[in-house]
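Chains as they are written, first to last, in this note's numbering: chain A, 262 to 811; chain B, 6 to 454.
Hints should not be assumed to be uniformly reliable.
With a Cα cut of at most 16 Å, we get these calculated EDC-like pairs of lysine to aspartate or glutamate [unchecked claim]:
1) B:329 / A:638
2) B:239 / A:478
3) B:294 / A:638
4) B:246 / A:487
In short, the hints are calculated from the structure, not lab data.
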Amino acid sequence: MPSCFRIRAWRVFRTPVHGRSFCIAFFALALLFVSALRGEAETSSADLYSALASHDYENMRKAVEKLAASDDPRAVPILSALQAGRLFADTDGELFIRNPDGSLEGAVSGQRIAGELGKNLREIRINNTIRRALEGALGRLRLFAPDPNVRAAAANAIFQTRDESALIPLERALARERVAKVRRAMQEAKAALLLFSPGTPPKTKLEAIALLRNRGDQEVAALLSELNGQPPEVMAAAKDAVVAIERQQQIWNFLQIIFYGFSLGSILLLAATGLAITFGVMGVINMAHGEMVMLGAYTTFVVQQATLRFAPEWLPASPILALPFAFLVTGLLGVLIERGLIRFLYGRPLETLLATWGLSLVLQQAVRTLFGASNREVMTPSWMSGAVPLGAMTITANRLTIIAFSVVVFGSLILLLRTTFFGLQMRAVTQNRAMAAAMGIRTPRVDALTFGLGSAVAGLAGVALSQIDNVSPNLGQNYIIDSFMVVVFGGVGNLWGTALGALTLGIVNKFLEPVAGAVLGKIVVLCLLIVFIQRRPRGLFPLKGRAAEA
Amino acid sequence: MSLEKSELGRRELGSLGLAAAALVGLSATQLVSKRVRAANTPSGEPIKVGILHSLSGTMAISETTLKDVMLMLIEEQNKKGGLLGRPLQPVVVDPASNWPLFAEKARQLLAQEKCAAVFGCWTSVSRKSVLPVFEELNGILLYPVQYEGQECSRNVFYTGAAPNQQAIPAVDYLMAQEGVKRWVLAGTDYVYPRTTNQILEAYLKSKGVAASDLMINYTPFGHSDWQNIVSQIKSFGSAGKKTAVVSTINGDANVPFYKELGNQGIKATDIPVIAFSVGEEELAGIDTKPLVGHLAAWNYFMSVDTPENKVFIQKWHNFIKNPKRVTNDPMEAHYIGFNMWVKAVEKAGTIDHDAVIDAMIGVAVPNLSGGYSAMMPNHHITKPVLIGEIQEDGQFNIVWQTPGLVVAQEWSPYVAETKDLIGDWRAPLSCGSFNVKTGKCGGTVSAMK
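Please put together the full structure from these sequences, using the hints given.
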């Protein structure tokens, strides 16, 4: 260092005699300057920390960006803690990080703090602007994280923000990356950066477009359509790629809507299966069917609260644990209702309708009194949240689970009716009561059990619905009309008809929704249904034979 | 007899001492008035206060809380010595989320029970349903919920926000702070979202937003299957411009909406959702982790850090006997509205409706966010506007706040039919929809239904 200064001094003063002393003086000055600079750097680092603890979001954002650009070794832990809501400040503005295990460490020193300090600590809260700044900043830093998923996410973040300063770290990360999936994400991010950087030669840009075209999602289409002021061959390639991607997207969209339709259909099926038994098979117009669904949902809530209190480690399984309880609670209530109310009203459909409607109001108000008018939170376990990407489709985990669940419930019910003795009795009674009684079947008992079974299946539907809808006293009301619609459409008394009816209504609804809007879509479906029932009053699969005429 | 008397005296003395100790530091006049109040238990014929909130049906989730908060405020006022020396008596009716029933119950409260004031309604459709009754029987309604504006009745005091006290500042915030260029206006299909979106659409277009950057979507009450709409929002938002959703989705349809957003992986940093009908109460039934960073615009949040708010929350928890219950914006509106009415009755010295209606204008009472709210001549109140981000604990982190109080615009200046209208119920003008261009008064009821 001194030699360089000496040379400079030489050049400036061109007097070899005074050179040495000047050099010393200059060196001293430079030293002073450097130390002053370092001092400033230190204070500004401290300033950055105190800016993080300030209440001014603009200052915080700037501090985040400066910290990320600095080579402060504490930047990553501090910024990650800030992002996760684990950064705290005490009243003097000193920063602390709360580790996931609950222990505290000094944010700047990185040293654990023994004992309790926690009382006057304030969590540092951030807004969306800072969240975005953090994502960008940490994206660059996290390209080298040990977890490949984190690296892929970091590359994706760069793809989205297209922050040009990320190019160099990105190339460095790419050079050492071994995991194919992460490599691809990084290459795509790099392609996006190169495409928008003015200095890139057209040939590289064409390669970048080709690479991005393979990724083929909406984001790429948006990115490419933003491109302008490029050489004609690049623009043509980009346009071409956008058209290709959009065509592909249309196919995916179609498949996605089919999935949505299946999902809605499975929910309709779950809600309607119980009714298909009580209304379809037994012929009881049960307006309190929705309330059975609602009670099933509340049972899930109670079971979940109990799990939370007595066995928290079982919490992720609580919806499954709730199934037998919901089945029993609503099933028993169903038997009770049949014995206490409905059996006096067989053959009087209008009175049944009124009585069960009254019962539905009673049940709603009872739940409201017992649990309060507010909605109850049923937690969704982590295995049921989130989504799985399938091509350009998002398959949400909760919907997928419910589709599978409805298939299982429906399948078991069919098996029960076809293969068990109880199923045989049930079919006998519903097809020809007098003959069944003459054969020695205790028809009242079968009636009660059948109604109980229908209610229990409704309870199971409630467990599933608690995961996607509000658990409120009104839950059932939202599904009663749809359920009747499905059963009537499918053909009263035919379970397969109910299944097909539910799926058809679900898919038709989902195809109409984007075109006509949710409100009009429902109205159109209802109108179509009315026309259909006019043409075929007995639904898709009418029952044939003497039972149907009875 | 004498024993009783002396005991009474001692108790009186004790309470006086307590009151004096508690009120050290207050001015002498206040001390005297408090002393008089503490000594006087209210007597005489009770003043009836009507509470017209649904306790059953679909709106019960929101409105039951408001009934409870009114009971709390009335109980408290009675402890303070009632009003004009008379006790207050709540008259609770249940209109059961049934709009025509609202009108019937309102008639019962006014004609039969002769209520001095009625606190009630939540949805705009219920307010529209009772409006003719209040105007016919000259009642007083204090309406506590943010609404679409475009109304200014002599018999209604609107203690919730008008669009310029909620929707417009919220949109301004997103434009300025988050750089939003593309907008999804999603709402439930009824009068409040439709009118608010009409105003917002006109406002956004006046700010240079192209029609192709606007997506408007309506869904029925209680909509639960949001898959399609959320994926539409997602593809609308991936067109390269910063996109936000302005949600006027009402009631519990919000819960599956936010769940679907979370499941489809839409984060607040990608597409923020700002809601006008989602408060602490609505978030109580939902896992808020995937929602962190989504926004809401209100005039009050439970997280407001003021001594008044702490006291209010404490009182609420004591009254409802559940420390987990949350407070929200319409509750604050009732708190302000009730205190305003009490003050106006004290000012007028009577519960006579006409006198109280006139006395209400100009009354100012403390709100819970650390300032004073005043009743303006247009029967709306001044309010601060707060923007909050949802936190993991279901509370809101206040990220922005108007520097001062905002005066309500009851008639929107962004809608052609109403831009020249003003409401002023003071003596010479006394008109809810005065057209400043033609100089004519257009009547009292809403110009557009």
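Against the structure, the hints come out as follows:
1. B:329 / A:638: holds (14 Å)
2. B:239 / A:478: Holds - the C-alpha atoms of residue 478 of chain A and residue 239 of chain B are around 12 Å apart, at most 16 Å.
3. B:294 / A:638: With a Cα-Cα distance of about 13 Å, the restraint between residue 294 of chain B and residue 638 of chain A holds, given a limit of 16 Å.
4. B:246 / A:487: holds (10 Å)
The structure fails none of the hints (numbered hints given earlier).
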